[in-house]
Amino acid sequence: MLGLDAPTAGDATVNGKHYRDHAAPSHEVGALLEARSVHPGRSAFNHLSCLAQTHGIPWRRVDELIDLVGLHDVAHKRAGQFSLGMGQRLGIATALLGDPSTLILDEPVNGLDPEGIHWIRNLLKSLAEEGRTVFVSSHLMSEMALTAEQVIVIGRGRLITDISVDEFVRQASGKVVHVRSPRAAELRALLEAPGITVSVEDGRGLLEVTGLTAAQIGDTASEAGIAIHELTPLQASLEDAFMTLTREELEYKPLVPVADKDEVAA
Amino acid sequence: MSSASATTSLPRLPHTGRVTQARVFHSEWTKLRSVRSTRWSLLAAVGFTIGIAAIACAVVSHHWPHLSAADRADFHPLEPNLAGVQLAQLAIGVLGVLVITAEYSTGMIRASMTAVPRRLPVLWGKVVVYGLVTLVLMIPSTLIAFVVGESIFSGRRINVAFTDPGVARAVVGAGLYLTVVGLFGLGLGAIVRNTAGGIATFAGIMFVLPPLMNVLPPSWNDAASPYLPLAAGEAIMSTTSGNHLSPWVGLGLLCAYAAAALAIASVLLLRRDT
Chain A
214 MLGLDAPTAG DATVNGKHYR DHAAPSHEVG ALLEARSVHP GRSAFNHLSC LAQTHGIPWR
274 RVDELIDLVG LHDVAHKRAG QFSLGMGQRL GIATALLGDP STLILDEPVN GLDPEGIHWI
334 RNLLKSLAEE GRTVFVSSHL MSEMALTAEQ VIVIGRGRLI TDISVDEFVR QASGKVVHVR
394 SPRAAELRAL LEAPGITVSV EDGRGLLEVT GLTAAQIGDT ASEAGIAIHE LTPLQASLED
454 AFMTLTREEL EYKPLVPVAD KDEVAA
Chain B
406 MSSASATTSL PRLPHTGRVT QARVFHSEWT KLRSVRSTRW SLLAAVGFTI GIAAIACAVV
466 SHHWPHLSAA DRADFHPLEP NLAGVQLAQL AIGVLGVLVI TAEYSTGMIR ASMTAVPRRL
526 PVLWGKVVVY GLVTLVLMIP STLIAFVVGE SIFSGRRINV AFTDPGVARA VVGAGLYLTV
586 VGLFGLGLGA IVRNTAGGIA TFAGIMFVLP PLMNVLPPSW NDAASPYLPL AAGEAIMSTT
646 SGNHLSPWVG LGLLCAYAAA ALAIASVLLL RRDT
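Sequence order for the protein chains is A and B. If you're matching positions, the first sequence starts at 214 in the working numbering and goes up one per residue. If you're matching positions, the second sequence starts at 406 in the working numbering and goes up one per residue.
Keep in mind that the hints are not guaranteed to be accurate.
Stretch by stretch, here's where chain A covers chain B in the computed footprint (C-beta under 8 Å, at least three residues) [stated by the list, open to error]: (1) 416-426; (2) 431-437; (3) 536-550.
In case anyone wonders, no lab produced these hints; they're calculated from the structure. Don't be surprised by glycine CBs; every beta carbon is placed ideally from N, CA and C.
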């Protein structure tokens, strides 16, 4: 997308133009590619300054961003001495330098401490609320569940899905229902059918039903006059949803290993 | 680390900036001056140019009474006076390689090319900024070396004046020569994109190739050797007639080598993935 690597096929445009054709590309897209895209002998201040100067961005902006990412005390130290988390903060400052309308952040929480993760989560949300598009790629499903609104899954270079997180989770959920009944054995006999599996979860009447909705199970039980003590559709986590989706993908092309990367736009 | 002061709202910035070559010059100047290797290499180049001139001239001056008449006849005061250029060119050439290969080895190139996706302004920025910096430093250095060396020689009355034939051309030419050597290194570094490989290529072409020419038949060697980058460029500092090109043709040929390296580097920069 940024024109760093030539595509084997196809074309990518940003706001209607190739990235390289924008007069001021840093105002369009800010990218965190790898945290270590920094000369280790250069200070954070000079690193940001030399990139800002290509767009005539004033040095006050560099100072503002150093304060924003919390590198004020180390701004004039050599970046090679930075911890992983500090390098990550510098990378985020680099992405935000031009006040871009679109952000592309690769694994932004990498190396951040818990407080830093909390900070980046809030920062990403506030950036999205300001009307920016924020692409975040991550392998941490739990993190994505907290920040993302839209999920894009790309596997082996192909777009697998592009839907909202709620929809994504809903699609994977609702297929498994927990039922607890004092007459579990009778209920089980009634429910079992081709394509529907019922397993006994514990010795106290808990069944796990796959392939029926909670409503269908409830209706069946009611018609047979069987009392039900619990009827719980299981809510899948984003991670479960992701695993379900990629498992389905695997079934199509079982010989190719899945090198998945999911991208979530908040 | 002072993450406690981190806030979560990004101040807005008026979108008035657009990438221009002048702004990229400014950016490249910041890059060049903000790393230590620049300071050390340039300090070494200035130190070699002046220091070795002073030492070489002092040694010759000391031994002057013991030299034979033939040795005295062969002697030209500019030779010891410009001896430091031999070492200075190594520092300048290696820094030229580093100016571009350090971007690749550190990953900085991805940030640079994201900010300036048209890519070529970055290379031109480096060429102009590094060329001007070496020119501004090395011409005064060769002039100072000349003043120091000739004042040592004046005690023996074997000094030459700046206005003597060929002297100004050789002294100022030494500074020009060092600048072009630096740009040749920059061009080779931009082609190879790897620090060790770039330095090896530069040193190989400049310093290993000339002695290797001795394996050729003498007539071939004599015909080809003056056209190698080192011999061609050094013609600008020559004080004797010999098997070399005329001074400005020689320096012009070295400029052509540097221009060719930079032209190949430009094409590759646009075509290769970063």
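Right, here's what the structure says about each hint:
{"no.": "1", "hint": "416-426", "verdict": "holds (count 9)"}
{"no.": "2", "hint": "431-437", "verdict": "holds (count 5)"}
{"no.": "3", "hint": "536-550", "verdict": "violated (count 0)"}
In summary, the one numbered hint that this structure violates is 3.
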